[in-house]
Structure formats: C-alpha cells, structure tokens
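As given, the protein sequences belong to chains L and U, one line each in that order.
Residues in the first sequence are numbered consecutively from 1, following the working numbering.
Residues in the second sequence are numbered consecutively from 1, following the working numbering.
Hints listed in this document are in silico derivations from the structure and should not be mistaken for laboratory results.
Don't be surprised by glycine CBs; every beta carbon is placed ideally from N, CA and C.
You may find that some hints are simply not true.
As the list claims (entries may be wrong) - Not everything, but these chain L residues come out facing chain U in the computed CB check (under 10 Å):
hint, residue
1, S46
2, S49
3, S62
4, Q102
5, E106
6, E109
7, P111
8, L112
9, S115
10, A118
11, S237
12, P238
13, E254
To be verified - Label pairs and their calculated CB-CB ranges:
hint, chain 1, residue 1, chain 2, residue 2, range
14, L, E3, U, R431, 32 to 38 Å
15, L, R248, U, Y419, 52 to 58 Å
16, L, S78, U, V379, 52 to 58 Å
17, U, V318, L, G138, 24 to 30 Å
18, U, I28, L, R26, 44 to 50 Å
19, U, E433, L, E20, 23 to 29 Å
20, U, S380, L, G120, 20 to 26 Å
21, L, A258, U, Y419, 49 to 55 Å
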Amino acid sequence: MSESIIQLRGIAKVYRVGVETIHALRGVDLDIGRNEMVAIMGSSGSGKSTLMNMLGCLDRPSSGEYTLGGRLVSAMKSDELALIRNEEIGFVFQSFELLARQSALENVELPLMYSSTAGGFRARRERALSALQRVGLGDRVDHRPNQLSGGQKQRVAIARAILNNPKILMADEPTGNLDSATTAEILALFTRIYREGQTIIIVTHENDVAAHCQRVVRLRDGRILSDLSAEEDFEVSPYVEEARATQRRRADAEEAAA
Amino acid sequence: MTNTKAPSRKGAKGEGRGLTIFFFLKAIGMALSQIWANKTRSFLTALGIIVGVASVTAVIAALTGLKAKVLSEFESVGAARLYVFPNRPDNVPRAKFPWEKCRLKVSEAQAIMDQCPSIKGISPIVDLPMSVESDTELIDGMTVNGIWPAWHDAVGRKVMRGRPFSQIDIDTARQVALVNEAAVTELKIDTDGNGGLGEHILLGGRRFLVVGVVETTQARMLGMNSSEAEIFIPFSVAEKLLDGWYFMQFAAIATSPETAEEAKAEVEYVMRRQRGLQPDDPDTFRVAALDQYINQFKSLASGVTAIAGGIVGISLLVGGIGIMNIMLVSVSERTREIGLRKAVGATSAAILLQFLLEAVTLTVLGGIAGLVIGKLMAVSLTYIPGANLEQADVPAWAVILSIVFSAGVGVAFGMFPAYKASRLDPIEALRHE
Ligand SMILES: Nc1ncnc2c1ncn2[C@@H]1O[C@H](COP(=O)(O)OP(=O)(O)OP(=O)(O)O)[C@@H](O)[C@H]1O
Ligand SMILES: [Mg+2]
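Next comes chain U alone, as it looks inside the complex (with noise of 0.2 Å):
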C-alpha cells in the first residue's frame, strides 16, 4: 500500500487509496496528546469506564479466589460422599406418599450396605432432641444423633481421642457416647486433664460413658456450622429411645470419588426397589452427591458473575454516555480543525475513524486504568483474614473481556460523535466561530 520508492502521484491516482499505517499512527498519536492536553476533563470522562471496570474486575477476583478455595475444600472433602433424605414428591396427592411412606428406615440403609457394591460404607443418622446433662452443666434440646460405625468414614471424620463405637457396643446397645470438642467445653468435662475421656454424661436422664472425642470438623463446608456441641450414640441405643416421630438420613460414601454417580444410581435403585414403588411413581427420597454441590456452587458462582456483569454493563453505559458528551465537545471544538483536515485531504471515512479511534483510545485507557485499580483490589483481598480470598486473582479472560469491552464502549459511543464529524461540510466547517 505504500509506494516508497516514487512518490510520484501521476501513477497512483485512484488506485491504492486506503488508509496506511502512518494515519493509524498519527491518528492515535493526536488521541494520546488531545487526552493528556485535557488532563482533568479526560479522568473525569473515563471514571465512570475506570470504576466499572475496576469493581467488577475485583468482583471476578474475589468470586475466582472462592471459587479455587471452595472446590479444593470440596475436593479435599471428597466428591465420593452421598446423602440419602426423606422427600415427599411435589404435585402428588398427599395421602398417596405421607410422611410415614417417605422416611428412612434402618432396614434400607441395610439394604444399601449390602446391595451397592458402589457403596463402601454408610450410616443412617437419626435426630434425638434431647437434655444433656454433666456434673456442673444442663444443656436442653440438644440433639444426640444415633449413628453407626461406618459413620466416621461416610463423613470423614475421625476419633481424635479414645475410641469410636466397637460392634460390641451396637450389638449390646451399651450406653456410650461420642463428643465433639465443643461439648466438652461447654459441658465443662475434661475435669481430670483427660479431655472428657470416661466421663459420664446425662442423656434423657440415662448415663452414658464418653469413649471418644471426634474432630471438629474435617473441612468447614458453606452453610454447615460444625463449630456447636455434638453428641454421638450407638444407632442401636438411639433406636430404643424413638418414639412415634423422627428424623433420619443417611450418609454413605463410594468406593471412589470415580464411582460416586454409579453409587448415586445404585441408591436411588435400591431405595424404589425397598419401597416398592411403580416406574411411574416419583422418589420419595433424595440422594444428594457432594459434585451436586460443587456444581450449585458453580452456578451460583455464574450467577454472581452474571450480577457483576450486569452491574459493569451499568456503569460502562454510563460511562459511555460520558464519552459520548465529551467527544461531541471535542467535535465541536475542533469544527475547524475537522475543516482543514478535510480541505487538506480527508475523506469521511478517515474521520470518522480518526473520531472513532479517539474515543477508543480513551476507553481503551479507562479500561487499563480500571484493570489495574482492580487488579490493587484483589491483591488487597487477599490479605483479609477469614475471608478465605487467599486465592483471589485476576484471571487472563477478564483482562481480556474488559480491553474488548472498553473497546467496545468506545466504538458504540464514540460513533455518534465521530458519525457527525465525518459529516461536516469543509467549508461551512472552516468558517465556523
């Protein structure tokens, strides 16, 4: 497109007539300096791209360092968890499923245990509103739940101290209790150093003998408190003490997190299967696998994003009209420079983009600006105890995604202004003021 070796203009009228390099150069080159030229009024045009861009871009900082935060404690949890609960089906007449057809019953997680070959372990976990009481303390309608051994490994958490529940004391139903560290404390029964070890405890009036401390928790998941007294009783004791109304669900694991869909598949099948009901019946139950969860996350997590996006779309619109004001001022003070440019050559087109490009570049600017700003912020969060962002990060796709769309903005709002330059009569133009 460039001729450099004649510029004789004889041979090249009409033809290789395009814009060049030298005008994309100078075009954004008289940009940078009407930008810094009007200082103030420039910043003042671009915050509105500067903030959106910049609070959305910490946004997806802090929801990436969530994100990365969450799925690990998920991981490390294990995606090979299953939960089974009652559920009675929607829009089905109530007397067809009550309650009493859609709880759990020991026998089905029995029939689980032994006909799931995807399953390794499960427990049914059953609700007891109950007074405990030790030496000193009286705690009312705490609720001691009833469990079985496998327990331990269905939710990953071990005896920390003594021992967990022999077969011995299922099958004898003996009166024995595991406690978490928080009952402990607030029972006040680590009274000879050993850490509540031997003690007795008052459960419903019966004595029951702690043989065992179990972890707090093995990872702090969204929404479980885990940090409040817990009490564990043999299942079998647990039984004994049911009356009419209760609430049970199980917790089972797969053999590996690989086959914990074929395992939700195996549940779900042998759940109908135990109660009976027809292909056209719904569940009366609910199996819920741990990757259920990570992808709710994940979706919520989306749907944030999606917030945060629509909250930038905002403020780019605003920022945008801005833009638009500003760079209709700047046409309109620059009527007789747009006149010369044209008088000394210029098509439409070339001002126009030259328009364009201005408000690009001022955009484009506004938007690095916002990254960076941003980019401060999610190193900032990183630094906020608990906050559990020690991950937040900016990632690439939305360094990208604000360039493209500050861009983006630049171009849609810059055309007007740009559209009405590329117009002006040369001449009208030059006689302007």
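Extracted from the complex, chain L is given alone in its bound form (with noise of 0.2 Å):
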C-alpha cells in the first residue's frame, strides 16, 4: 500500500426517514493504494452501497474526509463531485444502465458529452472504440442493447467506465445479473483491466467473485468487521486456488491466442 488513491477517515452516513434515524456508516476508516483490486462484502444491508456511493462521488458523507487523489473531495460541491465522477471515476451497476436507443458505441461515448476535455469528433470517436476493443466488442460497435448478450452488455458498460482512465472503477454487484459462466467472463475482464494497472473496487456477496480480489473488505452494521487479504480472509479463502488457477488458464489462452 505504497501510495493510497484513497483516504476515508471517520466517514458516517445518516438518514433520516421520518423520526427514525438510521445510521448507514458509523465511522468507516479505509486506505485504498493505486493499482489494487478490492472486494467489499457484507450481509444486506450493512452499508455497502452507501460506502461505494460515497467513494464515487454520488454522495456525500455526514461527518468524516475522504480524499481521492490528494485533494479532499467530501468538501467540495455537487458540480466538483460530478466533474470527479466525469473524469476519475468509472461506475458499473449492477443492471447495466445502458441507453436502449443508442448503439453500443454511442453508450460508451456518454461520459465525453459532459466533457470538456475530451478533444474533437475524431479524438472522441476513437476514444470510445478504443474502450469497446480493450473489452473485446470491437466487432459489436453499432449494436443497440437489445442485440447483445448480458455478459457484453456489461462489457459495454464496463468500457464506459474505464473510458476515461478513471482513478477507480467501482462495480456494485457487476456479476449479479449474469450466470456463472458469464459471471467469470466479466471477472477474467475485470482482472485483465486490473493487471493494466488499473484501481478497482467490486461490491458482491459471493465469495467465489471476492477470491478474484487481492484484498476483502467486510463490513457489518455500517463499520468495518475485517480487512483481509483474500487468502487470509476465512470464506473467501477457499476459492482463491480455483480462482487463480482460471485467471491463469484465461491468460495462457488469450497468449495463445494473440
């Protein structure tokens, strides 16, 4: 943990609904270096969510600092939040969230329509295709959602996320929807973007998706319960041999491959 992207100190998250106050976070403090790749478990309910909301600038905490990147984020304002969320933040939800009517390119691209920094036609364009090849859809460029399969919708929106080159890509239960076989596409893709060298976050409740990780975040009633690494983590741990073992049967055959 050379160098941490992220710093959360004592961040609580209250709401209020009526006269009950609930506590979503009671204090959380986490350090996130460069180029991990993180799991954050829990039973529903514990405050997943809302810690993800938090550290991609959805939300703000109602006490405690977050720093991303050196510079306190959990001060600044809505329009600073959704500048950060543009430009170093790569989002993948659970149910896509891709536009129906527009091609998958088109879905990829969104992110650069509120950019300002994004460059001209060209630059934009093959910025997005860019994107859609690292995910393996360079052929699917003028699909529309409703002509790809669960598993390259989420490629899709994957490509969206890490468009930009985001600081971190945070997926909320990216695996949710698919089936198993799909499930460790989407996962072999992940740990592909993360030997890149990029930061990522992946909220689930299967221990066979954590075992992907290097690291296991547990959380229970808003605080932090354990913070392992996946073999030291007691039920992810028995998954990690298998997990290893694909991870490096995928990448002998996309070697073979190339």
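Given two chains presented individually in distinct reference frames, assemble the corresponding complex, making use of the accompanying hints.
Structural data, given as structure tokens:
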C-alpha cells in the first residue's frame, strides 16, 4: 500500500426517514492504494452500497473526510463532484444501465458528452472505440443493447466506465444479473483491466467473486468488520486457488490466441 | 474550450469546465431521436403549437395580402382627395351650433375654390331623394346628386360616353343628367343602342336629357358600394329643387398627393373663416383626406393582427401545457437515465439544459410544421376568386416571430420539467422503478 489513492477517515452516513435515524455508515476508516483490487462484502443492509456511492462521489458523508488522489472531495460542491465522477471515476452497475436506443459505441461515448477536455469528434470516437476494443467488443460497435447478450452488455458498461482511464473503477454487484459462465468472463475482464494498472473496487455477495480480488473488506452494520487479503479471509480463501487457476488458464489462452 | 492536443486530464481539472458544442449536438441529436421514437406522442403534443402557428401564419398572410391590395387601390385612387362634411361638434350646447349652422353651403365651396391654392378642384355634392321615371320604369326615392363639373376630377370618375356638364348647362340650369351604367340598365333606357344617350328621363316629374354616362367606379373602395344606379344633375338645377332640409358634402382634389395635407389645412382655415368661428370654437365641419382612411385601415389591420396574435398566444399556451405534460412524463420515464447521466458526470445545469433543448426542439419543429401549413394555406388563399387576397404572403418577420415564439414556449414550459430532472438525486434516480 505504497501510495494510497483513497483515504477515508471517520466516514459516517446518517439517513433520516421520518422520525427514525438510520446509521448506514458509522465511522469508516479505509485506505486503498493505487492498482489494488478490493472486494467489499457484507450482509444486506450493512452499508456496502452507501460506501460505494460515497467512494464514487455520488454522495457526501454526513461526517468524516474523504480524500481522493490527494484532494478532499468530502468538502466539494456538487458540480465539482460531477467533474470528479466524469474524469476520475468509472461506474459499473448491476443492471448495466445502457441507453436502449443508442448503439454500443454511443453508450460508451456518453461520459464524453459532459466533458470539455475530450478533444474533437475524431478523438472522442477513437477513445470510445479503443475502450470497446479493450473489452473485446470491437466488432459490436453498432449493436443496440437489445442485440447484445447480458455479458456483452456488461462489457459495454465496463468500456464506458474505463473510457476516461479513471482513478478508480467501481462495480456494485456487477455479476449479480449474470449466469456463472458469463460471471467468469466478466471477472476475467476485470482481472485483465486490473493487470493493466487499474484500481478496482467490487461490491459482491459471492465469495467466489471476491476470490478474484486481492483484498476483502467486510462491513457489518455500517462498520468495517475485517480488512484482509483474499487468502486470509476465512470465507473467501477456499475459492482463491480456483480463481487464480482460472485466471492463469484465461491468460494463457489469450496469450496463445494473440 | 476543447483541448484537442492532450486529453490528459491533469492540467484541465476544474478549469475549462463548461458545455461544449459536442454537448449541444448530442443533446439535439438525442432530442430528435426521442421525438422520432415517440412519433405519435410527439405529434399530438406539438399539435397545439402546429395549429396555433399555422392559423396565425394564415391570418397574417391574408392581412398582408389585403393590406397590399387596399393600399395599392387607395394609391391608384390617389391620396390627393379630400372630402368636407358637416359635423356638429360634441359636448357643446345644441343651441349654439344648430344644424343650420353646421350644414355646408355652396358659397363655402366657392370660397374654398377661390382661396385655397392647394385645391385644384372642388364640387359640392347634394343628395336629392326623387322619383325617377323612364318610358317603362319607375323608381321611387332614388338619390339624385347635384354636382359641379369639377366633380369628375374630384372623385376621379370620368364620363365614358357622351359629355360632362358644360358651363352653359350650369349657368342656364339646363335640365340635363349624367347616369351610370346601372341606371341605364335599371331604367331600361338603352332603347336605340345608344347606351342611353339622348334619352329623356323624368326626375321628380321634370324632363331631363341624358347627356353622358359616367364610370361606375374608379376603384372599389371599402364600404363604398357604387354598383347601384346613380343619377347626377347640374348643381344649379338641384339647388332650385332643394327644400328646407338637404344634405350636402364637398369633394375636392389637391394639386398633388404631396400637397394633400396642406390642402386640408387650407380648407379648414377657409371654412372656419367663412363660418366666423372664434379660436376656441370647435369645428362645425369635418375635412377627411384619403390618407386618413389609409391610416384607419392600417390601424384596423394592426388591430386584427393583434387579435390574431392573441389567438395564437392562447393556442401556444395550450400547446405549451401539452409540452410541459409530455416533458414531465418523459422525465419520469427516464429517471434512471438521468441518474446514469449524473453518475457519469452530468452536472445539474447540463441535465437542465438537455431537457430544455428537448422541449425547444419539439416546439420549434412544431412551429416549423405550423409555418409550412400556414404557408400552404396562404398560397391557397390567393386562389379564392374575389377575395382580394392575390397578394397574400407570409412576411419574413412572421416566420422569425413564429420560430422565436415556439422556442420561447419550449423554454417556458420545458423549464419546470427540466428543473425537476436536474434536481434528481443520482442515487435515488438509479434506484427508481
Ligand atoms: N436513501 C436512504 N434513505 C434511508 N435509508 C437508507 C437509504 N439508503 C440506504 N439506507 C439504509 O442504509 C443501510 C445501508 O444500505 P445499503 O444500501 O448501503 O446496504 P447494502 O449493504 O448495499 O445492502 P444490499 O446488499 O442489500 O445492497 C440500510 O439499512 C438501508 O436501509
Ligand atoms: Mg447494495
């Protein structure tokens, strides 16, 4: 953890619903370094999504400090946060969130619409194309979401998320809507992007998904319960061996193909 | 604003932030695809605006055509014409200005002729209701006008056949008459193929010789129906037939259209002097110049334009409410999309602008469709026979105004839905459904 890109200090999030006060996060301290691949786990309602939204600058903490790449984002205004989301964060959602009437390429290009630093027409298009190629969909550029399989849709979504070379790639249950074969495919893609130097945070319920990560952070009731490597995590460790083996096989196969 | 060289985000953070041309192109492109995807819905929504713009365009085109026509007719008639009418002033005691003091006298016509340098010709016109008889026909209560020879010049109606009154006719009060074509037909005096010339008619029991036929009309003027039978006799003859009550007016012509205004002032001055009116006495007569009628027509036309504007305002309002409704539907249908857009970096301002652009695109398209329909209506107006609308056309200002108004409606009624969209919380929005 030589260079920490994310620093959370005493992050708390309180929701008020009527007279009730819900403590979704109760003082979270967390450091995530450059090029880490972290799984966030925990039972339902433990605060995973809340933490994710915070890390992704979609939400601001009720208290505590969040520093992203040396800048205190917890003190930023919403327009500044929008800029951060546009340039430094990539989101992947459980249900893909693709625009139905737009082609794969147009979907990938979407963040550039709100960017003033993305260059001209050609630069924009080329950037989107290369992102699609990175996720292996260079041949599906003009397909609409309804002409793509679930795995392909999620690839398009990942291409959109990595388009701007974000500081962090965040995925909230990215394989929640996929079958096991497709899940493996998507995880392999995440692993490859991770190898290329990307920092990735994945929220998941599945131990075998978490086994693809290096580090597992467990939440319970808005607090960090444990923060261990995948091998150390009691529940994840049984799956690590197989995950690594799969990754090696994939890498070998890709190398052979290339 | 666009940094084409290096998309390195390091140097550009925070600065150079704003919406680019790409945003606008994308937003309009998406608006169009949204409209295309919901063709029927979009059409029905824009219908109010289409109908409003189309109808106002047609009305403006018709008015423009009518105006061009009327003005050109007025101009051909000449703006040099003046009329003098008796006029009892309002708000003064009746006793001070009884009718006898207000009505015109021949001596006044003579004075105007003698003393107004800008008046080229003048003729009194006196109305005499009389029974008119030819060999076969009898028409009761017809108006016979007593005139001077200058009448032809003053009202611009020439003698087509035969001759006008001569000075001898006037001086000796000869019982001669001029008629118009309608009178020839109605009295059936064209017995020998001479067009009525040389025939005798009885006016109030006296025998008159028809010496000429005058043009039925010089130009059709609004509200002046000249198609009925008309009979004219020398003023000196008419004068003898006058009993106590009569109605007389003067028709005059200025030396040129440019001097018409001056002529009017001169006439007023001479009339006041003739009548011995004190400086603070009101006029007991009225001088009407044709350009006054032109102005009246113009103000009538702008009145109608204003009413048409009001109508279009109402239909744009109705159309605008439809737009607002459909945009609210669109915003709620696309809540997740809005959440996504915010998640990938859209600011509230960008979302607001995007939905505004969508509303404006819809209304402007509606406005353009309305203009096209209005133009077609204007073209078909020009083919209506006798409607005097050959020159109906949509002026450029109406085109620009329609587009601007349509866009304005888009902004005004798209604002609330767009604001709603811009205020959505991305997390909530993405959780929607
Ligand atoms: N907008 C909100 N208003 C009120 N309470 C909220 C809101 N969002 C989350 N919560 C509450 O905060 C707590 C944490 O929610 P969160 O969505 O982070 O859980 P999670 O770990 O992602 O659960 P899951 O695995 O089911 O997705 C829950 O008790 C939830 O009910
Ligand atoms: Mg969750």
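We went through each hint and held it up to the structure:
1. A cut of 10 Å between beta carbons decides the hint on S46 of chain L: the least distance to chain U is about 17 Å, and the hint is violated.
2. For S49 of chain L, the interface hint holds, the least distance from its beta-carbon to any beta-carbon of chain U being 8 Å, beneath 10 Å.
3. For the restraint placing S62 of chain L at the interface with chain U, the shortest Cβ-Cβ distance is roughly 14 Å, beyond the 10 Å limit, so the hint is violated.
4. Interface restraint check: Q102 of chain L against chain U, minimum CB-CB distance 8 Å, threshold 10 Å, status holds.
5. At a threshold of 10 Å, the smallest CB-CB gap from E106 of chain L to chain U is about 9 Å, leaving the interface hint in force.
6. Using the Cβ-Cβ criterion of 10 Å, the hint placing E109 of chain L at the interface with chain U is satisfied: the shortest such distance is roughly 8 Å.
7. Because the smallest distance between the Cβ of P111 of chain L and any Cβ of chain U comes to about 4 Å, under 10 Å, the interface hint for this residue holds.
8. Residue-level restraint check for L112 of chain L holds (minimum Cβ-Cβ distance to chain U is 7 Å; threshold 10 Å).
9. The interface hint given for S115 of chain L holds, since its Cβ lies 7 Å from the closest Cβ of chain U, which is under the 10 Å cut-off.
10. Annotation: A118 of chain L was flagged as interfacial toward chain U, and the flag holds, the nearest CB pair being 6 Å apart, inside 10 Å.
11. Residue-level restraint check for S237 of chain L is violated (minimum Cβ-Cβ distance to chain U is 33 Å; threshold 10 Å).
12. With 10 Å as the threshold, the beta carbon of P238 of chain L stays out of range of chain U, its nearest partner Cβ sitting at about 33 Å, so the hint is violated.
13. Because the beta carbon of E254 of chain L sits about 28 Å from the nearest beta carbon in chain U, more than 10 Å, this interface hint is broken.
14. At roughly 34 Å, the beta carbons of E3 of chain L and R431 of chain U sit within the given window of 32 to 38 Å.
15. Checking the proposed 52 to 58 Å range against R248 of chain L and Y419 of chain U shows it holds: the Cβ atoms sit about 54 Å from each other.
16. Under the hint 52 to 58 Å, the C-beta atoms of S78 of chain L and V379 of chain U, about 53 Å apart, fit the expected range.
17. Judged by the Cβ atoms, the range 24 to 30 Å given for V318 of chain U and G138 of chain L is violated: they are separated by roughly 51 Å.
18. Separation of I28 of chain U from R26 of chain L is about 47 Å and conforms to the stated range, judged on CB atoms against 44 to 50 Å.
19. For E433 of chain U paired with E20 of chain L, a C-beta distance near 24 Å keeps the hint of 23 to 29 Å intact.
20. One distance hint, 20 to 26 Å for the beta-carbon pair S380 of chain U and G120 of chain L, is violated here, with the actual separation near 48 Å.
21. Between A258 of chain L and Y419 of chain U the beta carbon distance is about 52 Å. The supplied range of 49 to 55 Å therefore holds.
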